[in-house]
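There are 2 protein chains.
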Amino acid sequence: MFEQLGLIGCGLMGGSFALALKRAGLVRRVVGYSKSPSTTERARQLGVIDIEAPSALLAVSGADLVLLAVPVAAIESTLKAIRHLIDPNMLIMDVGSSKRDVVDAARRVLKQDVGVFVPCHPIAGREVSGVDNADAGLYGGRQIILTPIDRTLTTKLDKARALWQALGCEVIEMSPEAHDAAFAAVSHLPHLVAFALMNSITGQADGQSYLSMAGPGFRDFSRIAASDPQMWRDVLIANREEIGRQVEHFHRALEELQHLIATGQTDELERLINRASHARANWRVSPSAR
Amino acid sequence: MFEQLGLIGCGLMGGSFALALKRAGLVRRVVGYSKSPSTTERARQLGVIDIEAPSALLAVSGADLVLLAVPVAAIESTLKAIRHLIDPNMLIMDVGSSKRDVVDAARRVLKQDVGVFVPCHPIAGREVSGVDNADAGLYGGRQIILTPIDRTLTTKLDKARALWQALGCEVIEMSPEAHDAAFAAVSHLPHLVAFALMNSITGQADGQSYLSMAGPGFRDFSRIAASDPQMWRDVLIANREEIGRQVEHFHRALEELQHLIATGQTDELERLINRASHARANWRVSPSAR
Chain A
84 MFEQLGLIGC
94 GLMGGSFALA
104 LKRAGLVRRV
114 VGYSKSPSTT
124 ERARQLGVID
134 IEAPSALLAV
144 SGADLVLLAV
154 PVAAIESTLK
164 AIRHLIDPNM
174 LIMDVGSSKR
184 DVVDAARRVL
194 KQDVGVFVPC
204 HPIAGREVSG
214 VDNADAGLYG
224 GRQIILTPID
234 RTLTTKLDKA
244 RALWQALGCE
254 VIEMSPEAHD
264 AAFAAVSHLP
274 HLVAFALMNS
284 ITGQADGQSY
294 LSMAGPGFRD
304 FSRIAASDPQ
314 MWRDVLIANR
324 EEIGRQVEHF
334 HRALEELQHL
344 IATGQTDELE
354 RLINRASHAR
364 ANWRVSPSAR
Chain B
84 MFEQLGLIGC
94 GLMGGSFALA
104 LKRAGLVRRV
114 VGYSKSPSTT
124 ERARQLGVID
134 IEAPSALLAV
144 SGADLVLLAV
154 PVAAIESTLK
164 AIRHLIDPNM
174 LIMDVGSSKR
184 DVVDAARRVL
194 KQDVGVFVPC
204 HPIAGREVSG
214 VDNADAGLYG
224 GRQIILTPID
234 RTLTTKLDKA
244 RALWQALGCE
254 VIEMSPEAHD
264 AAFAAVSHLP
274 HLVAFALMNS
284 ITGQADGQSY
294 LSMAGPGFRD
304 FSRIAASDPQ
314 MWRDVLIANR
324 EEIGRQVEHF
334 HRALEELQHL
344 IATGQTDELE
354 RLINRASHAR
364 ANWRVSPSAR
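Protein sequence lines correspond, in order, to chains A and B. So for the first sequence, the working numbering puts the first residue at 84; every next one is plus one. So for the second sequence, the working numbering puts the first residue at 84; every next one is plus one.
Hints in this document: simulated from the structure, not taken from any laboratory. Predicted model, so just to flag it, every value in this text is computed and none were measured. Please note that a few of the clues may not be correct.
Below, a list of computed lysine to any residue pairs in the SDA-like style, where the Cα atoms sit at most 25 Å apart [said to hold, decoys possible]:
1. K118/A - E353/B
2. K118/B - Q348/A
3. K118/A - E351/B
4. K118/A - Q348/B
5. K163/A - D350/B
6. K118/B - G347/A
7. K118/B - E353/A
8. K163/B - G347/A
9. K118/A - K118/B
10. K163/B - H361/A
11. K163/A - G347/B
12. K118/B - E351/A
13. K118/B - H361/A
14. K118/B - R354/A
15. K118/A - T349/B
16. K163/A - T349/B
17. K118/B - N357/A
18. K118/A - H361/B
19. K118/A - N357/B
20. K118/A - G347/B
21. K163/B - R244/A
22. K118/A - D350/B
23. K105/A - G298/A
24. K118/B - K105/A
25. K118/B - K163/A
Restraint ranges, calculated between C-beta atoms of paired labels, are given here [to be verified]:
26. E331/A - G220/B: 42 to 48 Å
27. R328/B - L236/A: 54 to 60 Å
28. S144/A - G220/B: 54 to 60 Å
29. R106/B - R335/A: 43 to 49 Å
30. H334/A - R106/B: 43 to 49 Å
31. R358/A - N365/B: 34 to 40 Å
32. R358/A - D215/B: 21 to 27 Å
Beta carbons are placed, not taken as given, at the ideal position from N, Cα and C, and that holds for glycine.
Put together the whole structure using the sequences plus the hints.
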């Protein structure tokens, strides 16, 4: 049970966290801050937060739990804004989709206090954003990746783990580097590819006509292309090295298929499609979400 | 109302068509043939067909409606097998995902009789195949593309249009060439990309571990990778020229994004993601499926 959550960033991710914590009876009050005052006000009107803070620093004041639910590119400036009120009794977490850059920023800004910070990435999200879409059930049944570093305090890590488990999450721990490699492959590259595919079609003279004939397969494939542009801009740049590696892997796999198609090598083409089809047919979204 | 449907290919597409026709009371009996005798037998057991035919030719005998629900690569040999029993009272249709190669095959085999053949592509399907998954509702609310050629008889085209409309489809007509260009963009390329992405991940040493962390975005994006390998092998090869063009468009769009990421051009990157996100957010699957 926490006395006070200091919520910095009252969007979809932050707002849903506050609502989930409240629903689980794990927090007494939520003090929230968003860059846009109208978002902060809306969060209070919706009951997502109890008190509006006029600054990130004041949202942290008196908190024993702090969630940084801001774009990954804003983590460093946010930590700078709050560092004077960080104390050893706090647990600070983020929800960013890339972790090495977040950890690097935390080391730079928090220095010897970095142990209170537990880097988190909940594998949850939607194609809509904003506090109006905040949902107490967003995290339930989802995986959450914690990426502690050598200086992370065991007590803070234990507390973070227990908290997410209490929200119904399956908690996984790994290094920030392993996290970024995995998510470049299964999340960041698919988003990049989906953005590229939409732009590839709409950039053609007949693109709109083509789109009018697209069916349910296209609908599901392209769904993630509607994701929040600012958030994805930041994630793609933050994790650009791993994403570059994944783009190369993908290029090779696509070129291999394209070569077999162009040269009419039906047997080998079927073998490779078969491999993809089997891999996908045997895959299931994380066990906790079953 | 048709007296007898000659169904060649009793899989998902063919079986669903037979069931839909029966449910709508549009056919008196269905005579079916599949390459595998066990499939034909299963189709009869399930009530998808009424009579098992021992050959494609005998499935056509006495039919006033014939559906070729075989892979596009098998259209030519199937037409050859049945041409001696084709008569002017028949309406013959296919359900292939590529149309230029199908039309070419029909011209070659049927010659002066090609007018009874109406090339069709229903924008419907599932990631499971086989007669056990046949579903009378598969086509309802979906688009169907008819790609008549100059020699297609108006009476046959009218009959085909009325038939699909009676099954609840929205009927669209265009040339085989326009069809193949559009579906290379919105269906064939996405499938190719999804296959490549699965193979790209599973081909890496940590691929299985990466997959275990994939979330709902990946689930939807990769769903079409589980599609039927034989069918997609044939479609990709049949429409390879248009697909080659779409791969080039896509390569350029991906490289443009990748360049902006690698060089940290945040504003331009956000602008391009924004374009993709808006295009996708404003898109809806065909009006008839709303």
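>> Against the range 34 to 40 Å, how does the distance between the Cβ atoms of R358/A and N365/B compare: consistent or not?
In response: At roughly 35 Å between Cβ atoms, N365/B and R358/A fall inside 34 to 40 Å, so the hint holds.
> When you check the alpha-carbon spacing of K163/A and D350/B, does it fall within 25 Å?
Replying inline: The hint holds at about 24 Å.
> Is the straight-line distance between the alpha-carbon of K118/A and that of N357/B 25 Å or less?
Replying inline: Roughly 21 Å separates the two Cα atoms, so the pair holds.
> Quick one, are K118/B and R354/A close enough, alpha carbons at most 25 Å?
Replying inline: holds, 21 Å
>> Tell me if the straight-line CA distance from K118/A to H361/B falls inside 25 Å.
In response: holds, 23 Å
> So the hint says 43 to 49 Å: do the beta-carbon atoms of H334/A and R106/B match that?
Replying inline: holds, 47 Å
> Does the Cβ distance between R328/B and L236/A fall inside 54 to 60 Å?
Replying inline: For R328/B and L236/A the Cβ distance comes to about 57 Å; the hint holds.
> Given the proposed pairing of K163/A with G347/B, does the C-alpha separation stay at or below 25 Å?
Replying inline: Holds. K163/A to G347/B sits at ~23 Å (cutoff 25 Å).
> Is it true that the CA of K118/A sits at most 25 Å from the CA of Q348/B?
Replying inline: This hinted pair holds, its Cα atoms lying about 23 Å apart.
>> Given the hinted pair K118/B and G347/A, is their Cα-Cα distance within 25 Å?
In response: holds, 24 Å
>> For K118/A and E353/B, compute the direct alpha-carbon distance and say whether it is at most 25 Å.
In response: holds, 19 Å
> Has the given pair, K105/A with G298/A, been kept, meaning a C-alpha gap of at most 25 Å?
Replying inline: Between K105/A and G298/A the Cα gap is close to 40 Å, so the pair fails against 25 Å, i.e. violated.
Hint violations for this structure: numbers 9, 10, 21, 23, 24 and 25, all remaining hints satisfied.
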